[in-house]
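*Asks:* Sequence:
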Amino acid sequence: MGNLTDIQRRAIVNDLLFSYRDGKPPHGTFAKLVEVYGCHWHSIKRIWDRYQKNVAQGIADGAPESRIKGNSGRKPYDRSKLAAKLKKVPVFQRRRVAATAARIGVSTSLIRSLVDEGYLTRRSRRIKPHLSDNNKIQRMQHTLTFINEQTYQFENMYGMIHIDEKWFNEDIDERTFLVLPDEELPERHRQSKRFIPKTMFLAAVARPR
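Under numbering that gives the first Met the number 0, the sequence shown has 41 at position 42, and the numbering climbs by one with no breaks.
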């Protein structure tokens, strides 16, 4: 049973006014209106009582319209306040939705909504090599080998050949397939998943002669 519309509420008041006899609606009027509008008789009585109260307070039309419109539903969270709460949680502690929601005291669905709305984004950071002092010295020494000792200019590397390699695995341990309910997954067998054949491509790049 849904909420009555403003038109239905006004119609209920009009029906009661038309049936008014000796200062009150006749017996059985509420029951008839319940059948017509498909609501509980308590709803009819509340609408009628509020209409009479409003008229007594000087409101000419009685204002029987619904009061739900401006004061219903859960109020939206202030995004700026949520952002302030999130900033208090270190980034390395905000890796999972559930853990992040628990740390700021909100639901996981709200955190997912922030992700969907673009207020939060998923970003990854890979581990980068940390250079020791010895590594830095070796790199600097390697760079100095490309400086011409006579002109003190950096070599153009026109006479060098750059070699690079790339490995490709023939297969991987786990594969995902899109199958129909009556289909079987293809059989996949290897003597050992730790020894899958690899193919190496070796490339050499040099300045054209």
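Worth double-checking, as some hints may not be accurate.
Label pairs and their computed distance ranges (CB to CB) [unchecked claim]:
id: 1; residue 1: Ile126; residue 2: Asn2; range: 51 to 61 Å
id: 2; residue 1: Gln56; residue 2: Ala98; range: 28 to 38 Å
id: 3; residue 1: Val88; residue 2: His129; range: 22 to 32 Å
id: 4; residue 1: Gln92; residue 2: Phe153; range: 44 to 54 Å
id: 5; residue 1: Lys87; residue 2: Val35; range: 49 to 59 Å
id: 6; residue 1: Val35; residue 2: Tyr76; range: 53 to 63 Å
Everything labelled a hint here was simulated from the structure, so no lab data went into it.
All C-beta atoms, glycine included, are put in the ideal place defined by N, C-alpha and C.
*Asks:* All hints, please: hold or fail.
*Replies:* Now for the hints, and whether the structure bears them out:
1. Checking the proposed 51 to 61 Å range against Ile126 and Asn2 shows it holds: the Cβ atoms sit about 57 Å from each other.
2. At roughly 54 Å, the beta-carbon separation of Gln56 and Ala98 lies outside the given 28 to 38 Å, and the hint is violated.
3. Look at Val88 against His129: about 26 Å separates their beta carbons, and that is inside 22 to 32 Å.
4. Separated by about 46 Å at the C-beta atoms, Gln92 and Phe153 satisfy the suggested range of 44 to 54 Å.
5. Separated by about 57 Å at the C-beta atoms, Lys87 and Val35 satisfy the suggested range of 49 to 59 Å.
6. Taken as a hint, the range 53 to 63 Å is violated for the pair Val35 and Tyr76, whose Cβ atoms sit roughly 42 Å apart.
Consistency note: the structure conflicts with the earlier hints numbered 2, 6.
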